[in-house]
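Okay, here's what each chain looks like letter by letter:
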Amino acid sequence: MTAETTTADAGSSFKLMEWILTTDHKRIGILYLIGSMAAFIVAGLMALLIRIEQASPGPGIMDSPDQYNSWLYFHGAAMILAFLIPGLTGFAANYFLPLMIGARDVAFPRINAFSVWLFYGAIILALLSFVIPDAPDIMWTGYPPYSVTSPGNTAFYVFTVHLLGFSSVLGAVNFLVTVIYMRAPGIGWNKLNIFVWTTIAALGLQLVFIPVLASAVTMLLFDKYLGTHFFNPAQGGDVLLYQNLFWFYSHPAVYVIFLPAVGILFDIVATMGKNRVFNYKACVYGGIGGIMLITGEVWVHHLYVAGMPDWLRIGQMVTTLLISIPVGLIVISMWGTLYKASITYNTAMMYAASCFFLVLLGGLTGIPLALTVVTVHLSETSFVHAHFHFIMALFSAFALFGGIYYWFPKMFGRLADGPLATASFWINSIGVNVTFWPLFIIGVEGMPRRYPDYEMFPQFEPYHMVATVGAFMIALGMAMTIINWIWSAFKGPIAPENPWGSKSLEWTHAPNCPGPGNFPEDVVVDDDWSPYEYGRK
Amino acid sequence: MTKILSTIYGFACGLLLTGAARAEEGGELPDPAAGWDHLWREIIIDITIIGVVFGIAAIYMMIRYRAKNPNDVGSAPKLTKAQAIAWAMIPAAIFMADDFFLSAKGWTLWNVYRRVPDNAMEIKVTGYQWYWEFDYGDGVVTNELNVPVGQPVVLRMTSPDVIHSFFIPAYRVKEDVMPGRVTYIWINPRTPGTFISTCTEYCGTAHSGMYTNVNALVREEFDSWLVEAKAEAAEEAKG
Ligand SMILES: [Cu+2]
Ligand SMILES: [Cu+2]
Numbered sequence: 001m002t003a004e005t006t007t008a009d010a011g012s013s014f015k016l017m018e019w020i021l022t023t024d025h026k027r028i029g030i031l032y033l034i035g036s037m038a039a040f041i042v043a044g045l046m047a048l049l050i051r052i053e054q055a056s057p058g059p060g061i062m063d064s065p066d067q068y069n070s071w072l073y074f075h076g077a078a079m080i081l082a083f084l085i086p087g088l089t090g091f092a093a094n095y096f097l098p099l100m101i102g103a104r105d106v107a108f109p110r111i112n113a114f115s116v117w118l119f120y121g122a123i124i125l126a127l128l129s130f131v132i133p134d135a136p137d138i139m140w141t142g143y144p145p146y147s148v149t150s151p152g153n154t155a156f157y158v159f160t161v162h163l164l165g166f167s168s169v170l171g172a173v174n175f176l177v178t179v180i181y182m183r184a185p186g187i188g189w190n191k192l193n194i195f196v197w198t199t200i201a202a203l204g205l206q207l208v209f210i211p212v213l214a215s216a217v218t219m220l221l222f223d224k225y226l227g228t229h230f231f232n233p234a235q236g237g238d239v240l241l242y243q244n245l246f247w248f249y250s251h252p253a254v255y256v257i258f259l260p261a262v263g264i265l266f267d268i269v270a271t272m273g274k275n276r277v278f279n280y281k282a283c284v285y286g287g288i289g290g291i292m293l294i295t296g297e298v299w300v301h302h303l304y305v306a307g308m309p310d311w312l313r314i315g316q317m318v319t320t321l322l323i324s325i326p327v328g329l330i331v332i333s334m335w336g337t338l339y340k341a342s343i344t345y346n347t348a349m350m351y352a353a354s355c356f357f358l359v360l361l362g363g364l365t366g367i368p369l370a371l372t373v374v375t376v377h378l379s380e381t382s383f384v385h386a387h388f389h390f391i392m393a394l395f396s397a398f399a400l401f402g403g404i405y406y407w408f409p410k411m412f413g414r415l416a417d418g419p420l421a422t423a424s425f426w427i428n429s430i431g432v433n434v435t436f437w438p439l440f441i442i443g444v445e446g447m448p449r450r451y452p453d454y455e456m457f458p459q460f461e462p463y464h465m466v467a468t469v470g471a472f473m474i475a476l477g478m479a480m481t482i483i484n485w486i487w488s489a490f491k492g493p494i495a496p497e498n499p500w501g502s503k504s505l506e507w508t509h510a511p512n513c514p515g516p517g518n519f520p521e522d523v524v525v526d527d528d529w530s531p532y533e534y535g536r537k
Numbered sequence: 001m002t003k004i005l006s007t008i009y010g011f012a013c014g015l016l017l018t019g020a021a022r023a024e025e026g027g028e029l030p031d032p033a034a035g036w037d038h039l040w041r042e043i044i045i046d047i048t049i050i051g052v053v054f055g056i057a058a059i060y061m062m063i064r065y066r067a068k069n070p071n072d073v074g075s076a077p078k079l080t081k082a083q084a085i086a087w088a089m090i091p092a093a094i095f096m097a098d099d100f101f102l103s104a105k106g107w108t109l110w111n112v113y114r115r116v117p118d119n120a121m122e123i124k125v126t127g128y129q130w131y132w133e134f135d136y137g138d139g140v141v142t143n144e145l146n147v148p149v150g151q152p153v154v155l156r157m158t159s160p161d162v163i164h165s166f167f168i169p170a171y172r173v174k175e176d177v178m179p180g181r182v183t184y185i186w187i188n189p190r191t192p193g194t195f196i197s198t199c200t201e202y203c204g205t206a207h208s209g210m211y212t213n214v215n216a217l218v219r220e221e222f223d224s225w226l227v228e229a230k231a232e233a234a235e236e237a238k239g
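Note that the protein sequences, when read in sequence, are chains U and L. Taken in order, the first sequence gives residues 1 to 537; the numbers are from the working numbering. Taken in order, the second sequence gives residues 1 to 239; the numbers are from the working numbering.
These aren't lab readings, by the way, just hints derived from the structure by calculation. Using N, Cα and C, we set each Cβ at its ideal position, and we do this for glycine too. Treat the hints with care, as some may be off.
[To be verified] Distance condition first, Cα-Cα at most 25 Å in a straight line; then the derived DSS-like pairs of lysine-lysine: (1) L/K78 - U/K191; (2) U/K191 - L/K230; (3) U/K191 - U/K281; (4) U/K281 - L/K78; (5) L/K124 - U/K340; (6) L/K78 - U/K503.
[Claimed, not checked] Here are a few chain U residues that sit away from chain L, every Cβ distance over 12 Å (derived from the structure): (7) I30; (8) P109; (9) L127; (10) V173; (11) V239; (12) Y285; (13) T320; (14) I343; (15) L361; (16) P452; (17) F457; (18) A489.
Construct the entire structure; sequences and hints are all you get.
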């Protein structure tokens with residue numbers, strides 16, 4: 001490549017147009033980070049409002065249940081579609097995947113820039129729901145007939161999904177081509193970072209399943225605004241068609257979030273433990289590959305009480321339980337990577353360590369929910385709510401936060417591991433348990449989800465109260481975390497090159513704050529190189 | 001490690017099987033709710049064992065393998081081909097065994113939940129935004145559900161507006177109620193009392209207000225109420 005490859009000068013002045021017009025995958029990554037954290041902050045504030053409302057049985061701070069419902073809508077839709085998916089497959093993949101495979105950029109840099117601005121369009125559209133008079137109130141699932149007959153503005157939901165979906169599909173094609181064609185000489189498939197594998201797996205799922213979601217929400221749009229009857233049984237439609245299409249995408253979407261989080265985790269643990277990934281091939285081909293294979297055949301577990309045929313509910317109970325095999329292989333590799341490691345604890349590793357317990361809690365509480373007959377009682381209770389927060393929201397968010405600490409020196413040339421980082425880690429870790437354990441308990445007792453008011457169950461008030469206190473702990477912890485990141489990005493102690501002594505290419509071959517083109521010299525690796533080979537000098 | 005796991009697993013299976021055998025005794029009408037509680041306890045044991053084993057293993061290794069000196073590297077040996085295959089196949093086999101074991105248990109109870117006893121009394125349920133209607137036939141319609149103790153009751157449910165879900169936590173049962181389909185659940189009220197039922201599918205503004213009472217009445221009380229209600233309904237119809 002050319003001589004324009006330099007380390008970005010930390011003192012160089014900030015030029016807005018350079019960021020808007022950028023096609024550099026790292027800047028696009030940072031744009032994804034900023035956008036997804038903005039969505040996280042607003043959706044997190046919604047969670048606080050929800051928890052304040054639920055702290056006591058009767059109506060509390062809300063003007064009306066409709067207002068509460070629009071908080072729930074925004075919280076769910078924004079956390080999943082605008083924070084977790086873009087944070088993991090937008091930010092982390094954009095910034096680090098090309099670096100990890102020794103590529104100088106992605107295959108289609110301009111398409112990449114188009115993707116990120118589509119994503120910003122979606123975020124703006126989602127935020128507009130706070131100013132329009134008829135905010136969407138259809139939850140992130142948007143089930144008809146309610147989403148068709150609701151006075152809320154379903155079109156905002158549909159167009160937000162369209163924009164995000166379009167952005168994701170473009171990103172998926174881009175990154176799959178990048179990994180297939182742009183790996184540096186010597187990097188074979190069995191030498192990719194686990195994060196690279198999990199990212200292309202997640203993007204492969206996006207590519208296959210997003211069109212299904214897009215068509216489902218488009219039919220919703222047609223039913224509501226153009227008078228079609230896809231979901232209206234009175235005119236020959238079927239209400240369950242939507243749920244089947246929706247979960248045909250949205251169950252795999254759980255893995256679109258879970259897998260990249262797992263990948264980040266492996267890279268942190270292997271680096272901080274200076275250890276090889278345990279049984280790499282079983283993890284990649286059995287674990288990640290197995291999930292890809294089964295994940296499209298389990299969506300009916302979201303319709304266990306939706307009047308589906310009995311045999312289908314049993315058939316998909318078996319496929320759902322079988323997911324434990326590939327997930328189990330990943331778990332064995334996670335645990336095995338600790339074996340005979342030499343672990344240095346810092347903020348990134350502490351987040352990674354807590355993920356081991358989050359995946360246990362979230363994964364194991366999924367086993368009762370895999371059983372059709374057990375779900376007949378637990379479905380739509382706060383047990384489900386707590387379960388998917390542990391496995392999808394908390395596990396993935398903690399892995400992402402760990403990743404931000406892990407890659408902080410790479411992105412900003414500075415360390416973020418001060419006392420504020422440690423304190424906020426502990427507040428977050430305690431906070432999530434204080435919030436969601438009570439919800440498991442009252443869920444089994446019958447507390448339904450999405451209730452602003454629970455006057456029929458006054459005995460649950462203390463549990464809700466504790467959960468609300470937990471939510472405030474998380475809010476405090478996250479406020480400290482974000483302040484720490486912003487402060488450290490500008491004022492933190494200057495980081496040495498490769499502060500963790502990693503063997504992965506983004507640390508060994510690229511300088512901190514890599515400039516355009518990433519690497520001072522073209523990357524070539526020798527035969528016995530691997531991002532996890534620490535035994536070799 | 002594998003050995004310990006499989007031993008613990010075998011022990012857990014043994015525990016659960018003896019429990020299952022005990023549940024099958026007694027030829028009377030099955031009680032789905034009691035069956036649910038039983039299965040729930042078994043699953044909690046199952047997942048607690050897995051959770052404790054993995055949790056302790058993680059904590060042990062996280063402490064045991066701290067870096068003694070910043071330049072140390074991990075010393076995990078490279079797995080041989082045989083070891084790699086064993087570490088994939090053996091855990092996979094254990095997980096699969098647990099999956100099929102749980103599937104079998106879940107399927108057995110599922111059949112109890114779906115097979116309505118022949119002598120079940122039928123009540124029609126309609127979910128509206130935002131209240132319930134229960135139709136006992138002969139013009140008797142209520143907003144609270146009355147059922148006789150000792151009598152299996154099947155609820156045939158539908159809705160004219162949006163999707164709702166009829167949930168009675170005390171009977172461990174729910175099913176969605178939606179336009180264009182008739183879904184069903186059956187319950188076996190065992191003790192007299194008043195229980196709560198709620199709506200558990202998001203249905204708009206008053207979703208959380210869509211709860212009502214399920215009154216399990218002793219047989220005589222239920223019968224006399226129904227006779228009276230029918231007479232009243234007939235009166236009104238003549239009206
Ligand atoms: Cu799912
Ligand atoms: Cu409802």
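(message) According to the definition I'm using, a residue is off the interface if its beta carbon is farther than 12 Å from all beta carbons of the partner; does U/F457 meet that for chain L?
(response) Violated: least Cβ distance 7 Å, not greater than 12 Å.
(request) Would you assess whether U/P452, listed as outside the interface, keeps its beta-carbon beyond 12 Å of every beta-carbon in chain L? (result) 6 Å, violated
(message) A cut-off of 12 Å on Cβ-Cβ distance, and U/T320 was said to be off the interface with chain L. Does that hold?
(response) Non-interface label fails for U/T320: nearest chain L Cβ at 9 Å, not farther than 12 Å.
(message) The output says U/I30 does not contact chain L. Does that hold with a beta carbon cutoff of 12 Å?
(response) Holds, because the least Cβ-Cβ distance between U/I30 and chain L comes to about 30 Å, which exceeds 12 Å.
(request) Measuring Cβ to Cβ, find out whether U/L361 lies farther than 12 Å from everything in chain L. (result) Violated, because the least Cβ-Cβ distance between U/L361 and chain L comes to about 7 Å, which does not exceed 12 Å.
(request) Test the statement that U/L127 is away from the interface with chain L: the closest C-beta pair must be farther apart than 12 Å. (result) 23 Å, holds
(request) Over 12 Å to the closest beta carbon of chain L is the bar; see if U/A489 clears it. (result) Given that every Cβ of chain L is farther than 12 Å from that of U/A489, nearest at about 26 Å, it holds.
(message) For L/K124 and U/K340, compute the direct alpha-carbon distance and say whether it is at most 25 Å.
(response) Given pair L/K124, U/K340 is violated - Cα atoms ~63 Å apart, limit 25 Å.
(message) Please check whether the beta-carbon of U/Y285 is more than 12 Å away from every beta-carbon in chain L.
(response) 9 Å, violated
(message) Tell me if the straight-line CA distance from U/K191 to L/K230 falls inside 25 Å.
(response) At roughly 77 Å apart (the allowed maximum being 25 Å), L/K230 and U/K191 break the hint.
(request) Take a quick look at whether L/K78 and U/K503 sit within 25 Å of each other, Cα to Cα. (result) 17 Å, holds
(message) If we take the beta carbon of U/P109, is the closest beta carbon in chain L still more than 12 Å away?
(response) 37 Å, holds
The structure is inconsistent with the numbered hints 2, 5, 11, 12, 13, 14, 15, 16, 17, although it conforms to all the rest.
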